[in-house]
Each structure stands twice: as structure tokens, then as C-alpha cells.
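Participant: Sequence:
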Amino acid sequence: MIVEHESTSGGGPVPGESGVAPDRHTRPPGAEGPGAAAEPALRVDVLTARDVPLGGPRAMTVRRTLPQKARTLIGAWCFIDHYGPDDVARTGGMDVAPHPHIGLQTVSWLFSGEIEHRDSLGSHAFVRPGELNLMTGGRGISHTEVSTPDTAVLHGVQLWVALPDAHRHADRDFRHHAPEPVVVDGAVLRVFLGSLAGDTSPVPTFTPLLGAELVLAPGASVTLKTDHAFEHGLLVDRGNVRLGETLLSPAELGYVGPGNGSMTLTNESDVPARAVLVGGVPFGEKIVMWWNFVGRTHEDIVEAREEWEAASDRFGHVDGYPGNRIPAPLLPNATLAPRGNPSPSERLPMTPSGATPSVQRVDARHRYEIHVDGVRAGLTAYRDRGDQRVFFHTEIDEAFAGQGLASVLVEQALGDVRASGKRIVPVCPYVAKFLTKHEEFMDISDPVTPEVLEWLESARSH
1 MIVEHESTSG
11 GGPVPGESGV
21 APDRHTRPPG
31 AEGPGAAAEP
41 ALRVDVLTAR
51 DVPLGGPRAM
61 TVRRTLPQKA
71 RTLIGAWCFI
81 DHYGPDDVAR
91 TGGMDVAPHP
101 HIGLQTVSWL
111 FSGEIEHRDS
121 LGSHAFVRPG
131 ELNLMTGGRG
141 ISHTEVSTPD
151 TAVLHGVQLW
161 VALPDAHRHA
171 DRDFRHHAPE
181 PVVVDGAVLR
191 VFLGSLAGDT
201 SPVPTFTPLL
211 GAELVLAPGA
221 SVTLKTDHAF
231 EHGLLVDRGN
241 VRLGETLLSP
251 AELGYVGPGN
261 GSMTLTNESD
271 VPARAVLVGG
281 VPFGEKIVMW
291 WNFVGRTHED
301 IVEAREEWEA
311 ASDRFGHVDG
321 YPGNRIPAPL
331 LPNATLAPRG
341 NPSPSERLPM
351 TPSGATPSVQ
361 RVDARHRYEI
371 HVDGVRAGLT
381 AYRDRGDQRV
391 FFHTEIDEAF
401 AGQGLASVLV
411 EQALGDVRAS
421 GKRIVPVCPY
431 VAKFLTKHEE
441 FMDISDPVTP
451 EVLEWLESAR
461 SH
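Reminder that position 171 of the sequence shown reads as 171 in my numbering, one-by-one numbering, no gaps.
Because the hints were derived from the structure by calculation, they are not lab data.
Warning: the hint list may mix true and false statements.
Listed next, the in silico SDA-like pairs over lysine to any residue satisfying Cα-Cα at most 25 Å (straight line) [claimed, not checked]: (1) 286 x 329; (2) 225 x 131; (3) 225 x 240; (4) 286 x 167; (5) 437 x 334; (6) 286 x 173; (7) 437 x 420; (8) 286 x 331; (9) 422 x 362; (10) 437 x 282; (11) 422 x 91; (12) 225 x 42; (13) 286 x 330; (14) 225 x 186; (15) 286 x 443; (16) 437 x 453; (17) 437 x 371; (18) 433 x 339; (19) 433 x 297; (20) 422 x 364; (21) 437 x 300; (22) 437 x 257; (23) 422 x 61; (24) 422 x 406; (25) 422 x 334; (26) 437 x 384.
Across the chosen pairs, the derived CB separations fall in these ranges [said to hold, decoys possible]: (27) 397 x 309: 37 to 47 Å; (28) 180 x 312: 40 to 50 Å; (29) 61 x 166: 35 to 45 Å.
All residues carry an ideal CB built from backbone N, CA and C; glycine is no exception.
Taking the hints into account, I'd like the entire structure generated from these sequences.
Facilitator: Structure (C-alpha cells):
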């Protein structure tokens, strides 16, 4: 069975789904009894995380819920990583060498531990629980993040905000803010960006945003007034939180679209629950996101990568870090395409008969097959070269054309590659094009080289 690539447990498809599981599933609200409020039930789309190992001498594994195929942005929020609790004595903690950013702001928020921050603006600060560090990359900045010697457990979130086109070349900036706790109906809120529950953060943003930590006592329920124009995402860190009528487990993110003036959160567990609420006006722009860069075109990314590799003044220099800079990875062998949130027509297809397609890996034939109603509808072929899975051909039977099956097939195949601990080499043009629109797989993608092509020709002839 193909492993669903968003699963944090490495298991199969979401229970209740047949074969392929979509990036996003909608849990229907519960039935309303007599006397229920006239306001329509809150629609919540549930996004599950995938495990992503970070590089560097002391690598950490994070749970990433944004971006993914189902959703690239929530407001201007374009990246959500959730990590820990991480036993620093066992793992070594965090040690991220100098690396660059463009076109975005980084938001660091901790639940436990302490991180030392240095950047090329000259900032030297510490990230502590309940305190915000906001860094603006704009045209270019570089920084380091290192957990401090006194940190025993490291636990928190790293969030990115895409800068709107009019401000994406803004000057470097760094802000630190420690919001005061606000108590509302058994919940404690810390609003680090925007406004919520009568509290407003003084930290300026380039688009209307919301960012807040919420801690709910066991059994507590709180109704929060929200901006009708905002879409929101609730990331659960601890406990089981019911958002409207939808129950969210740890590491799940519940998405709520614009048009809702309130949301009710209930802690269904017997321990304090913790979550991070983000929101903003729908971004309205497509972005190209690769490595640590957010641009608008492939050329934006190429230029930034070349300038980082050339150690240009664009990104400045970080003082006080003893090691070397992180080199930029190689670009994929295809043009990076801008991405926004998918339209309804791009969601998981169903066949005219109503069947959901299923994907299988057939090792004996070196390929993944997609089946509809028990009939093979297409395949993507590969050969294994050490820790690389080299994809060289994808086809969909003519009888099943136009149903989006190639995208489903390739996405599930690449998810299986990740689960297998291998890397992707996209010799197949379709797979290469797919990767440009799905940057969530870029961290395990290798370039197509003459050596790979020569090896593939030999492997296919035997």
C-alpha cells in the first residue's frame, strides 16, 4: 500500500478513504439538535503534516503542514513547521548555520527551550517561550539559529509570511515582542501579530495578519470573534481541540475560509491543550517558493541562489557564528512555476462511476500503477540507483484521459519515495513539471545529470 505522504505516522491512507488519500479532507459538522443556533456550522478542512528532516550538522525532523498541494497559503502565511518536544541531550538540538532569505518574514515562537538568533542586520537576540522574534528578509538577509546550552527540551513552531509584491524588496528588519497573556473563558491567549480578544500586537505587518498562541484548560470552551475577511488556520500542538464540530488532533491544522465572524474552540482532553491560530486576508498573489526563497518567477529564485553562492552583499554577513554558511542546493531540472491555492477543479478527481482511484507500487515491474474500478489506468516507471529512484516515463490510458489521474499517481509515488527514505530524480518530463508546482518534494529531489542518463540507458537495456 502506498504511504500517504502527509501522514506523520508513516501509515497508509486516511481511514475511510479508498487507496489514494487527498492532501485535504473535510470533516462534516455534527448534526444540529433542537434549539441549535441558526448560524451555519463551521466548515473545517483538515490538513495533516508530513515529517521533513532538516539538514545541517545537528539535523532535526519537523512536522510541516504548509505548504502542500491542498493549500499554499493561509492569508500571507506560506510556511508552518512544528517541532519537538525534542530532547536536546539525545538529538543535539538546533544548530542552523548562516542561510539566506528573500521575499518573506520569519516568525519564531517557542513553547519550551531557548534559541540564539544572529542576523546580517547585526541583530543578536534570543527566542524564548511566549516571545516573538520577527525577521524581515525583503531583498535579502541571512541568519543563524542555535539552541542554547541550557536548553533541555526544544519545542515550538517556525512560520513564514510571504511579502506582497509591492513590499517584497523591503529593507531588512528585526522585531522582538513579548505579548501579555489575555484570559478568556478558561483560555489563555498570547497575540503576537494582529488583533484578537481585545488585544493588539504592536508589531507591524505588510498585510492584515493574525498570529496567536492559545492554551485551553481541560474541558474549557471559548468562542472568539474573528475578522469576516480573514481565512484562518488552527495548528494543534497538544491535546485534542474541537474547532466548531471538527475534532483536531496534535499536529493537525484546521483551515477555515473567509466569511466567519466567530469560531468556538473546545478542549476535549483531560490535559491543557495548546494551539497556534494564524489568519489573514486571502493573499491574492501566486508565489514561487524554493529552499529559503519566496519570489514571483523562476528567474527571481535563480538570481537569489547565484548571489548567495557568490557571497554577494545582497545577504550581508552574520557575525559570531563559528562555522561555514549553508550552500544552496542545486535547482531542479525544470522551470519553477508560481503557485497559489488550488481551485475546486484541481482537487482529487473521481471517475464517472464515482470510484476513487488507487495506487500500487509493483516492484517486479519497476513502476507504480493507478487503478480505477480494478482496471489499470496508467503507470509511472522508475529504476532504483542506490538511494535514488529515477523516474523516466509516465502514461495514462487514453480511456482515462482528462481526469487528473497523472497528478494523483505521481504525487502518491513521490510520497512513497519519501516514506522509503529515497530521493527523486525526475528524468520523466511530467514528473519534472510536477515538482515545479509541488515544492514540498524539492528537499528530496536530485538533478538529472549525464551520469544518471548514461546509467539509466544501461539499466533499461538489461
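Participant: Determine for every hint whether it applies to the structure shown.
Facilitator: Hints versus structure:
Restraint check for residue 286 and residue 329: satisfied, since their Cα atoms lie roughly 23 Å apart, inside the 25 Å limit. A C-alpha spacing of about 24 Å is found between residue 225 and residue 131, which places the hinted pair at or below 25 Å, so the restraint holds. Between residue 225 and residue 240 the alpha-carbon distance is near 21 Å, which keeps this suggested pair within the 25 Å criterion. Our distance criterion of 25 Å between C-alpha atoms is met by residue 286 and residue 167, whose separation comes to about 15 Å.
As the CA atoms of residue 437 and residue 334 are separated by approximately 10 Å, the hinted pair is consistent with the 25 Å bound. At roughly 24 Å between alpha-carbon atoms, residue 286 and residue 173 fall within 25 Å of each other, so this suggested pair holds. Between residue 437 and residue 420 the CA atoms are separated by roughly 22 Å; this keeps the pair inside 25 Å, and the hint holds. Among the hinted pairs, residue 286 with residue 331 is consistent with the structure: their alpha-carbon atoms are about 20 Å apart, no more than 25 Å.
Of the supplied pair hints, the one linking residue 422 and residue 362 holds, its CA atoms being roughly 16 Å apart against a limit of 25 Å. Under the criterion of a C-alpha separation no larger than 25 Å, the hint pairing residue 437 with residue 282 is consistent with the structure, at around 20 Å. Pair hint residue 422 plus residue 91 holds up; C-alpha atoms about 22 Å apart against a cutoff of 25 Å. A hinted pair counts as satisfied when its Cα atoms are at most 25 Å apart, and residue 225 with residue 42 qualifies at roughly 13 Å.
Of the pairs offered as hints, the one joining residue 286 and residue 330 holds, with about 23 Å between alpha carbons and a cut-off of 25 Å not exceeded. Using a Cα cut-off of 25 Å, the hinted pair residue 225 and residue 186 holds, with the two alpha carbons roughly 16 Å apart. Distance restraint check for residue 286 and residue 443: the Cα-Cα separation of roughly 21 Å lies within the 25 Å cut-off, and the hinted pair is therefore satisfied. The hinted pair formed by residue 437 and residue 453 meets the criterion: a straight-line CA distance of about 24 Å does not exceed 25 Å.
Of the supplied pair hints, the one linking residue 437 and residue 371 holds, its CA atoms being roughly 24 Å apart against a limit of 25 Å. As the CA atoms of residue 433 and residue 339 are separated by approximately 13 Å, the hinted pair is consistent with the 25 Å bound. Only pairs whose Cα atoms come within 25 Å are accepted, and residue 433 paired with residue 297 is accepted, the gap being roughly 15 Å. Annotation: proposed proximity of residue 422 to residue 364 holds, straight-line Cα distance about 18 Å (limit 25 Å).
With a C-alpha separation of about 16 Å, the suggested pair residue 437 and residue 300 falls inside the 25 Å cut-off, and the hint holds. Restraint check for residue 437 and residue 257: the C-alpha separation of about 23 Å stays at or below 25 Å, so the hint holds. Proposed proximity of residue 422 and residue 61 is supported: the alpha carbons are some 16 Å apart, at most 25 Å. For a cut-off of 25 Å, the pair hint linking residue 422 to residue 406 stands: about 21 Å separates their Cα positions.
Distance restraint check for residue 422 and residue 334: the Cα-Cα separation of roughly 20 Å lies within the 25 Å cut-off, and the hinted pair is therefore satisfied. Restraint check for residue 437 and residue 384: satisfied, since their Cα atoms lie roughly 24 Å apart, inside the 25 Å limit. In this structure, residue 397 and residue 309 meet the distance hint of 37 to 47 Å, their C-beta atoms being roughly 44 Å apart. One distance hint, 40 to 50 Å for the beta-carbon pair residue 180 and residue 312, holds here, with the actual separation near 41 Å.
Distance hint check: the CB atoms of residue 61 and residue 166 are about 36 Å apart, consistent with the given range 35 to 45 Å.
Violated hints: none; the structure is consistent with every hint.
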